[in-house]
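Protein chains in written order, with this note's numbering: chain A, 1288 to 1390; chain B, 153 to 836.
To be clear, the hints were calculated from the coordinates, so they are not data collected in a lab. Cβ atoms here follow ideal geometry from the backbone N, Cα and C, with glycine treated the same way. Among the hints, erroneous ones may be present.
If you only want the chain B side, here are some residues facing chain A, beta carbon under 10 angstroms, derived [what the hints assert, rightly or not]:
1) 551
2) 555
3) 557
4) 810
5) 825
6) 827
7) 830
8) 833
9) 834
Simulated crosslink set (DSSO-like; lysine-lysine; CA at most 27 angstroms straight-line) [claimed, not checked]:
10) B:559 to B:324
11) A:1311 to B:808
12) B:559 to B:320
13) B:658 to B:683
14) A:1312 to B:808
15) B:323 to B:559
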Amino acid sequence: MIEYSLLITSAVLVGIGIYMASTKKNLLKIFIGIEILATGVNLNFISLAFIKYGELSDALANSIVITSIVIDGVLVGVGLALTLLVYRRYGTLNVDVLRKLRW
Amino acid sequence: MIDVLANLIWMAPFIIVFLLPLANKVGDRVRDAVAVSGGLISALASLTLGVDAMDGVISFGGSSLKIPYDLVMLKWIPIDGYNITFGVLLDPLSLFMANVVSLIGSLILIYSVEYMHGDKSILRYWILMNIFIGSMQLLVLGDSFLTLFFGWEGVGFASYGLIGYYYKDEKKYWIGPYPPTHAGMKAFITTRIGDVGLLTAIVIIFISSGTLNFMELSNNPEWAMVLAREGVLAVTLLLALLGPIGKSAQFPLHEWLPEAMAGPTTVSALIHAATMVKAGVYFLGRITGILYNVYWGLEEIGINIWSELQTFYIVVAFVGAFTAFLAASQGMVSDQIKKVLAYSTVSQLGYMFAAFGIAGLLIEHPEAFVDAYLTGVFHLSSHAIFKALLFLGAGAVGHAVESYLFKDMGGLRKYMPVTFSLMMIGALSLAGIPPFNGFWSKDAILHAAYAEGPFWVYLLLALSAILTAFYTFRMIGLAFYGEESENVKHLIEHGHPPHDPGPLMKIPLFILAAGSIVSGLLLPFLAGYFKPLFKFLNIEDLVFKEVVLFKFPDFLIKTVLSPLFGVAMVLVAIGIIPSYYIYMVGRTDLLKLVDGPLKPLWTFLYNRWYINALYYKVFVDGTRALSSFIFNFIETNGGGEATKYLYTEFSEQVRKLQTGLLRINMSYLLMMFILITIFFMVVI
């Protein structure tokens, strides 16, 4: 049963992440949503390894997830820096206003 | 106990490096003492082991080892059946080299205490010097090519830092048109070219043998068979030779050494006498020892690799003999005391290369092979002693007259009698006059070249012997004889006449001078010492037979009675007599020859056969032209504009796909997610 609970937790986390990222208007909140999504994916990955072997000892899954977490950390750094710069430049974080990419 | 001692030889200087910043806080004297102790501990340890190993067995602290012994310290890189270990190899060659390096190195460190006194960044100097000695010890003691390569690169790094020691590039430290930082860079880059070849060869040897350990390579000769069957043994060895050619400043990579004078004189002494350039000769000695065992090992199972080895050793002998001549000819016209010594180092290293080349060509005759091999090792040690003496003497002269140019010297004999007489001993040794050590070793090489080598090797070496005698006495004459120069007069007027250095600088000079008188006795002793290095050898057949020192009279009589002794004396006389008349007696009418008919030759030699200019033209200017081309046409003007234009156009088009609403982009992600889920549900 624990297997399903793990998978469901990660699915819920991914769902929350995508929901947040697609409905919120504040760039910072979207960013938090993406982070939750990434956490869900990581959890999913490691729980699949757990389900397969029955113990948390699969080095491959662990190492990939650790790498992923590290990259996430970098992502946070870059993302927050960009968010900060966006705020300094445009004075807002509302993504409906930030539509410069459009032609 | 033995392993602690053996590792202390190379580790002590590195440990001192970490203690130095702390000692610096305590006080100047403590710092200097700690720095010197690095070399002294290393010297003590290597001396203990080296003397102990004289009978082929090291017995110390209750245990005994039969040399050659590979003292494996740890499993370094255990991968897929290959087992690269890290250890210390105790064999005659490594112990002998360790002694040369640490003894000469310690003397130079003691000398530095006075020489570098009051220098602002002396802590950096001490750290780099200790790294230098430690790396060199790691290089000579390492038991595998990989360990050797680590030491090799450490030496390269330390030499770069020390040659460019005066990194502010004050005008007085310039060597010709080059500032010290430039000289350091030149040394580093030039030796790097050789290192690429060396590394390639190491990888090839590893692929063919599965090991990098010297002992295993020497005991299991199959790797050479594999390479010889593919026809790449000679190529591999020649690639490996590029490393020593770069490090030991042989033609065609010799151009960095004359500029390596830019650092403090003690650094030059260390580079020339004990570390750095001796690394290449050591490598050649090491690989020659291995190849000898491999050759005879393969011979036992009926495989002959002679033709491949011959190709290799012909090149070694040619490079050595030609470099000896090339550098000696350039030394005749140099205007700076340290530069003369630099050229002479290149030239003497050429002698050592030639000795090993001749040895390799004699690989089929074990007795003659070992004789020639030992002359190379012997010349290495005697060169280390007299060159250190000459450099430290030159340092004392430079210290006194605050310049290294000959035009700022002259007539110093009266003011610096001790330095003069000690340098004279070094000069006599370098010129090859008995009974100083340089004579014995050089004569032994000439002997081997004449008796066994190709004749052109002997011819080139004999010509170089004439030139060596000439430029040595020219150096002494210009510095110590003749009229006082303006600079010296100026110093005297201001109450600072040139004077002999203080005790800390004088004592190492005295020890080295004594060394260059007595170490000529070393050769008969070396034969017994190096015996364990060679398998398949009946030591009784050697010319220099047993270890015993009292056999020396035999050796002496053999050398002196040989007709080659007379030839060598004539050669030296041909060199010295003109030099004596021009530079010591001051017959300036002979100097007019240089201004008149010999002017083109002088220009040719002074510009170093235009090899340096050629390298600058091709490599430095070529690289600059290429980079300016890339900058002007690829990065900025043509290419840059085109790239910018293409990207702008592309993004203009792609923008039209965008709505600019982040929410829509996120819903694409959600849709994709759902699609994939459905896909898997349907399929599975």
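Checked hints:
1. Annotation: residue 551 (chain B) was flagged as interfacial toward chain A, and the flag is violated, the nearest CB pair being 55 angstroms apart, outside 10 angstroms.
2. For residue 555 (chain B), the interface hint is violated, since its Cβ never comes within 10 angstroms of a Cβ in chain A; the closest pair sits about 56 angstroms apart.
3. Taking 10 angstroms as the C-beta cut-off, the interface hint given for residue 557 (chain B) is violated, the closest approach to chain A being about 57 angstroms.
4. Interface restraint check: residue 810 (chain B) against chain A, minimum CB-CB distance 5 angstroms, threshold 10 angstroms, status holds.
5. With its C-beta approaching chain A no nearer than about 7 angstroms, residue 825 (chain B) sits inside the 10 angstroms limit, and its interface hint holds.
6. Because the closest C-beta pair between residue 827 (chain B) and chain A is about 13 angstroms apart, greater than 10 angstroms, the hint is violated.
7. Using the Cβ-Cβ criterion of 10 angstroms, the hint placing residue 830 (chain B) at the interface with chain A is not satisfied: the shortest such distance is roughly 15 angstroms.
8. Interface hint at residue 833 (chain B): violated, since its Cβ lies 14 angstroms from the closest Cβ of chain A, which is beyond the 10 angstroms cut-off.
9. Violation of the interface hint for residue 834 (chain B) is found here, the shortest Cβ-Cβ separation to chain A being roughly 18 angstroms, above the 10 angstroms cut-off.
10. Taking the CA atoms of residue 559 (chain B) and residue 324 (chain B), the gap is near 14 angstroms; set against the 27 angstroms cutoff, the hint holds.
11. Straight-line distance between C-alpha atoms of residue 1311 (chain A) and residue 808 (chain B) comes to about 24 angstroms, which keeps the hinted pair within the 27 angstroms bound.
12. For the suggested pair residue 559 (chain B) and residue 320 (chain B), the alpha carbons sit about 25 angstroms apart, so the restraint of at most 27 angstroms is met.
13. Between residue 658 (chain B) and residue 683 (chain B) the alpha-carbon distance is near 37 angstroms, which puts this suggested pair outside the 27 angstroms criterion.
14. Distance restraint check for residue 1312 (chain A) and residue 808 (chain B): the Cα-Cα separation of roughly 23 angstroms lies within the 27 angstroms cut-off, and the hinted pair is therefore satisfied.
15. A C-alpha spacing of about 17 angstroms is found between residue 323 (chain B) and residue 559 (chain B), which places the hinted pair at or below 27 angstroms, so the restraint holds.
Violated hints, listed in ascending order, are 1, 2, 3, 6, 7, 8, 9, 13; each of the other numbered hints is respected by the structure.
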